[in-house]
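Each protein sequence line maps, in turn, to chains A and B. Per numbering that gives the first Met the number 0: the first sequence = residues 0 to 264. Per numbering that gives the first Met the number 0: the second sequence = residues 0 to 264.
Don't take each hint at face value.
If chains are identical, the list can't say which one is meant, so a pair holds when it fits in one copy or spans any two.
Unchecked claim - Once the Cα atoms are required to be at most 25 Å apart in a straight line, the calculated DMTMM-like pairs of lysine to aspartate or glutamate come out as: (1) K22 x D64; (2) K2 x D195; (3) K2 x E78; (4) K22 x D37; (5) K22 x D195; (6) K22 x D42; (7) K62 x D51; (8) K62 x E109; (9) K62 x D42; (10) K22 x D51; (11) K62 x D200.
For the record, the hints were derived by calculation from the structure and aren't laboratory data. Here the structure is a predicted model, which is why all the values come from computation and not from measurement.
Number of protein chains: 2
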Amino acid sequence: MGKVYFVGAGPGSADLITVRGAKALAQAEVVLFDALADPALRDLAPLACWLDVGKRGFVHAHKQDSINAMLVRAAHEHEFVVRLKGGDPSIFGRLEEELEALAAAGIDCEVVPGVTAALAAAAASKRPLTRRGSGRSVAFSTAMTHSGELRAARSADSEVFYMAGRQLAALSRQLLQASWPAGTPVCVVSRAGWPDQLISDHRVGTLALAAVLHAGRPTVVTVGAAACGVSAATAPARTIAATAPDTRPSRGTVMPPASKRIESI
Amino acid sequence: MGKVYFVGAGPGSADLITVRGAKALAQAEVVLFDALADPALRDLAPLACWLDVGKRGFVHAHKQDSINAMLVRAAHEHEFVVRLKGGDPSIFGRLEEELEALAAAGIDCEVVPGVTAALAAAAASKRPLTRRGSGRSVAFSTAMTHSGELRAARSADSEVFYMAGRQLAALSRQLLQASWPAGTPVCVVSRAGWPDQLISDHRVGTLALAAVLHAGRPTVVTVGAAACGVSAATAPARTIAATAPDTRPSRGTVMPPASKRIESI
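Kindly generate the complete structure, drawing on both the sequences and the hints.
Printed below as a string of structure tokens:
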């Protein structure tokens with residue numbers, strides 16, 4: 000019986016995987032993956048058998064069961080199995096179900112952490128998720144519940160919403176209901192960590208305007224203290240924070256995509 | 000004028016840095032670092048000049064100013080400067096102040112994200128930070144404020160406290176005051192990602208008992224849904240969640256340190 004390594008691939012671009020994750024891929028006999036963000040990840044395990052478990056062919060209701068079964072079977076047939084997950088396996092990665100399936104089958108496993116999308120968005124936009132004084136806590140959640148209900152809280156100094164790209168207008172309404180002032184800064188980042196990443200600045204009240212810009216791209220939405228830009232020259236960050244909201248409507252400011260990646264320097 | 004790369008080193012063990020971060024180190028002429036968790040990180044930039052800016056010799060009040068000044072000077076003298084930070088630069092990394100200093104000096108920079116301690120602790124303990132149904136949101140905060148005041152909230156389904164190792168008794172009291180039931184599961188992980196990582200299970204009411212075990216080690220404390228173990232065999236996780244607390248006192252269960260790392264397999 001083999002061992003399963005849950006590996007966080009990072010937010011997309013292959014070079015945001017950890018060195019430990021890359022080493023696990025290099026040793027893998029079989030790799031189970033969902034939608035593969037960067038085909039270059041395959042180069043890290045060129046001889047492994049790559050199984051796409053994110054296929055739409057599965058009947059939706061049984062998809063997770065099918066993945067669990069394939070994982071258990073792979074561990075019966077191979078020594079070194081990698082289950083590759085986007086971002087970090089422990090954050091919105093459905094890791095619990097797969098850990099349970101392996102535990103039930105008595106199969107050993109290990110989890111290799113990865114860079115979750117919120118961290119990549121913060122790095123891309125140079126907006127630290129925690130700030131001295133004004134941003135002591137940050138919460139991660141999905142805007143959409145399992146039952147399809149949209150929810151937004153105001154629980155921490157900053158809130159990061161995953162998988163919210165299609166729900167920006169509704170998210171704006173929910174944030175207002177959750178007592179976020181209309182002028183609270185919101186930073187929207189899509190395809191963080193890629194050369195074509197897009198970063199745009201909005202306000203809670205006018206967040207819907209971000210929808211067209213980021214349409215069809217993996218999107219992270221940051222609300223509150225962590226959405227403020229950092230700059231000594233303009234220094235609007237601290238004064239615009241949630242405690243002293245700017246209530247002017249804003250169409251949003253789009254930052255140009257970062258064109259450089261370290262490997263091209 | 001050079002460019003500064005803020006690089007997240009990950010939670011400790013050198014192989015938890017990203018591939019992009021390792022490449023940045025390989026190109027660095029100078030590396031500014033605080034306490035270096037793993038000396039093996041130096042092997043990623045053997046020819047660079049390594050500057051320890053975490054030295055206790057600095058006058059505490061001016062320490063951040065001194066680091067800012069050294070960073071600006073390094074960028075004036077070198078093309079490729081790496082500012083290495085533990086974990087992820089955007090989470091409790093004092094990134095804001097250093098970004099401001101560079102912006103004021105007109106110096107270009109880039110942020111390479113890393114694995115933050117909460118993710119490493121979740122991976123080490125195999126406790127996903129989000130759970131279907133019971134764990135939709137997770138919040139990160141420091142237990143201790145800048146002014147030395149201890150605070151603990153109950154804002155998300157799960158709360159992760161950084162740098163709480165020395166404050167476990169006080170944290171227990173604060174959690175009770177913040178309406179967490181005494182029987183709520185707490186998972187304490189120290190030196191996550193290392194061969195000698197320690198994981199122990201507790202309850203909010205008896206968290207103080209973890210203090211001796213993890214004394215003097217970098218410690219992450221997870222409270223709520225994400226602290227529950229995952230196992231189909233025993234399956235206590237969901238029933239013990241915060242909604243149906245087990246109020247029995249518990250001395251805590253210590254899991255043996257994980258002895259395997261991928262590179263040793």
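Verification of the hints:
Within a single copy, K22 and D64 get their C-alpha atoms no closer than 28 Å, and across copies no closer than 39 Å, so neither meets the 25 Å cut-off. Only between protomers do K2 and D195 lie at most 25 Å apart by alpha-carbon distance; the minimum there is 21 Å, versus 37 Å within a single protomer. Taking CA atoms no more than 25 Å apart as the test, K2 paired with E78 passes inside one copy only; the shortest distance there is 6 Å, against 44 Å between copies. Within a single copy, K22 and D37 get their C-alpha atoms as close as 17 Å, and across copies as close as 18 Å, so both meet the 25 Å cut-off.
For the homomeric pair K22 and D195, the shortest alpha-carbon distance between copies (20 Å) is at most 25 Å, but the shortest distance inside one copy (27 Å) is not. Both within a single protomer and between protomers do K22 and D42 lie at most 25 Å apart by alpha-carbon distance, with minima of 12 Å and 17 Å respectively. Taking the closest pair of Cα atoms, K62 and D51 come within 25 Å of each other only inside a single copy of the chain (12 Å); across copies the shortest separation is 50 Å, beyond that limit. Within a single copy, K62 and E109 get their C-alpha atoms as close as 23 Å, which meets the 25 Å cut-off; across copies the closest is 39 Å, which misses it.
Taking the shortest alpha-carbon separations for K62 and D42, neither the intra-copy value of 27 Å nor the inter-copy value of 44 Å comes in at or below 25 Å. Proximity of K22 to D51 under the C-alpha cut-off of 25 Å is restricted to the intra-copy arrangement: shortest distance 20 Å within a copy versus 29 Å between copies. Within a single copy, K62 and D200 get their C-alpha atoms no closer than 37 Å, and across copies no closer than 32 Å, so neither meets the 25 Å cut-off.
Violated hints, in rising order: 1, 9, 11; the structure is consistent with all others.
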